[in-house]
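Read top to bottom, the protein sequences are chains A and B.
Take the first sequence: its letters are residues 3 to 335, numbered as in our numbering.
Take the second sequence: its letters are residues 3 to 335, numbered as in our numbering.
It is worth saying that the hints were derived from the structure and are not from the lab.
Treat the hints with caution; some may be incorrect.
A pair counts as met if it fits within one copy or between any two copies, since identical chains are not told apart.
[Claimed, not checked] With a straight-line Cα cutoff of 30 Å, these simulated DSS-like cross-link-like pairs (lysine-lysine) come out:
id: 1; residue 1: 291; residue 2: 236
id: 2; residue 1: 250; residue 2: 46
id: 3; residue 1: 80; residue 2: 291
id: 4; residue 1: 220; residue 2: 271
id: 5; residue 1: 187; residue 2: 243
id: 6; residue 1: 80; residue 2: 220
These numbers come from a predicted model, not from an experiment.
There are 2 protein chains.
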Amino acid sequence: MRIALDAMGGDHAPEEVVNGAWDFVEAYPQHHVVLVGDEARISKLLEGRDHGERLSVVHAPGVIEMGEHPAQAVRRKKDASIVVCADLVRTQQAQAVVSAGNTGAAMASSLLRIGRIRGIDRPAIGSPMPTVQGPCVIVDAGANADCRPVNLLQFAIMGSIYMEKVMGVAQPRIGLLNIGEESTKGNELALEAYGLLEQAQRINFIGNIEGRDILMGKADVVVCDGFVGNVVLKFAEGMGKALFSLIKTEITGDLKSRMGALLVRDGLKRVAQRVDYTEYGGAPLLGIKGVSIISHGSSNRKAIRNALKAAMEANTNRVVPAIEANIDQADGE
Amino acid sequence: MRIALDAMGGDHAPEEVVNGAWDFVEAYPQHHVVLVGDEARISKLLEGRDHGERLSVVHAPGVIEMGEHPAQAVRRKKDASIVVCADLVRTQQAQAVVSAGNTGAAMASSLLRIGRIRGIDRPAIGSPMPTVQGPCVIVDAGANADCRPVNLLQFAIMGSIYMEKVMGVAQPRIGLLNIGEESTKGNELALEAYGLLEQAQRINFIGNIEGRDILMGKADVVVCDGFVGNVVLKFAEGMGKALFSLIKTEITGDLKSRMGALLVRDGLKRVAQRVDYTEYGGAPLLGIKGVSIISHGSSNRKAIRNALKAAMEANTNRVVPAIEANIDQADGE
């Protein structure tokens with residue numbers, strides 16, 4: 003398959019992005035990555051690397067800045083790297099797009115240039131999150147700040163398909179993120195969504211889950227509106243950093259602790275690895291008529307490599323056709 | 003002052019609750035705690051303790067179970083310990099109520115028996131949360147699942163007064179919890195609340211803050227609806243537990259690590275203490291015409307002692323009159 007990669011997107015672009023693409027095609031030589039962006043800069047980074055034509059470059063000089071209105075910028079800047087990436091998917095010159103750039107611009111270009119799956123009202127970001135039992139996916143992690151109950155039902159269906167097809171989880175457990183376990187708890191949105199999820203035929207709905215249940219791995223798919231999902235995701239990111247920084251300060255205070263810190267360093271590294279977002283690499287934008295993976299802005303080469311891998315798996319395991327089929331069936335119920 | 007303590011509320015009641023009351027009056031002998039609940043059981047726990055009449059018992063045989071509808075149960079069970087506590091405040095036989103029991107029942111009894119401050123539409127729970135710079139307070143942490151923008155403005159005013167009067171923070175920084183820093187980001191509620199907060203005269207509004215900013219201590223008061231606040235609070239609780247459990251597993255795997263673990267144990271204990279909710283003991287129900295402190299269901303004696311201390315400080319520093327004065331002024335703006 004061919005994956006269009008926004009080579010200019012992210013805090014460490016284009017260097018780490020190109021390095022990630024290199025690592026990916028080294029590991030999966032049957033695939034091809036199209037590096038989209040400033041041709042001169044990208045070509046310079048490829049100099050001396052024998053990639054056997056598994057990497058190519060498409061020039062796209064435009065840049066969408068962080069402050070710009072995403073949809074307006076996508077409409078105006080047809081030469082921006084993320085827009086050109088989406089166009090490669092639209093014209094079937096690529097089967098997937100991956101970007102670590104401006105999330106709003108990545109969403110807008112996927113929506114406007116590739117389009118929504120018929121029947122999906124609101125595409126959503128499915129963000130993988132490590133739990134003590136392996137990763138879950140949070141849908142929506144930030145695409146839709148305001149949602150209606152039917153959106154949450156569709157998030158559940160799409161998340162279920164993603165966990166099954168890409169993460170290999172049979173009958174994924176769908177949990178509705180709420181402020182109590184009882185079906186009578188919650189805000190208006192959660193109360194109504196509960197009713198819809200309970201009636202849905204093709205998902206394994208396990209009821210409400212609370213904030214504390216997420217990391218215990220109680221659900222494989224955590225369904226919520228994009229406001230709550232985004233707050234939780236960023237909170238988790240901040241909390242990991244804050245705790246590790248506190249631990250570092252507290253266990254290097256005196257000589258005894260410093261000696262101990264040396265001895266437990268490997269263990270703490272393993273913990274950090276288990277909660278490391280770069281292991282997952284990227285979050286799928288679910289509900290788009292093509293594979294679109296959004297990576298963290300601070301993605302390093304490993305995160306980019308894993309985002310490309312996620313795109314490959316979503317394509318190979320036919321996530322988009324599965325969503326198309328299931329949304330049609332859900333409509334007919 | 004006299005504090006009415008729900009001796010039957012919480013997972014470790016009445017033993018730990020009575021122990022916490024004992025510790026409190028030992029530390030602050032000028033105050034009195036009224037232990038409300040099953041007189042026989044409480045009296046037995048007090049046997050042989052010379053509390054110098056700083057503790058007394060009021061019999062209240064009723065119990066509100068976890069599954070009951072809070073408001074209905076409060077109306078029906080006038081002899082429930084939490085209802086009797088609230089009545090002691092209503093009749094001015096006590097200046098504050100503290101409970102680690104059913105949160106809904108504690109809220110309902112405070113609302114129905116003590117009443118709201120004039121001008122406050124929706125009382126809110128202000129839950130202290132540790133940050134790397136000292137505690138912040140999250141308002142609302144779960145009292146109101148659905149909110150209007152004006153509610154969030156009132157949460158900001160009440161949270162600001164609490165942080166200033168009880169936590170000793172001058173000009174508390176008020177942050178609106180949102181999914182982006184720009185004023186144009188967010189759901190409808192956050193967008194409208196932003197406008198109100200920006201125009202408010204008596205608070206130090208610093209704009210939007212994101213999930214990752216909370217634990218970095220970017221704001222002293224984190225304003226959000228009770229759904230988001232409750233999810234974040236419980237997520238933090240679960241994340242602390244999950245991370246410490248992972249660390250324990252990973253740093254006790256082999257002999258080298260186990261030796262290291264012994265050496266860093268004190269440091270890790272200090273970290274656990276810095277993120278320990280029992281340090282704060284309880285969350286004020288803000289907007290009530292009296293001091294009402296809601297404690298975690300799993301409160302131990304230290305948490306109860308600190309909840310009583312929070313009640314004392316809220317009363318001494320006249321939080322309720324300050325809210326009354328500021329809400330009147332806000333109305334007149």
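Hints, verified against the model:
no., hint, result
1, 291 with 236, "within (27 Å within a copy, 36 Å between copies)"
2, 250 with 46, "neither (39 Å within a copy, 46 Å between copies)"
3, 80 with 291, "within (20 Å within a copy, 60 Å between copies)"
4, 220 with 271, "both (25 Å within a copy, 28 Å between copies)"
5, 187 with 243, "between (32 Å within a copy, 24 Å between copies)"
6, 80 with 220, "neither (43 Å within a copy, 38 Å between copies)"
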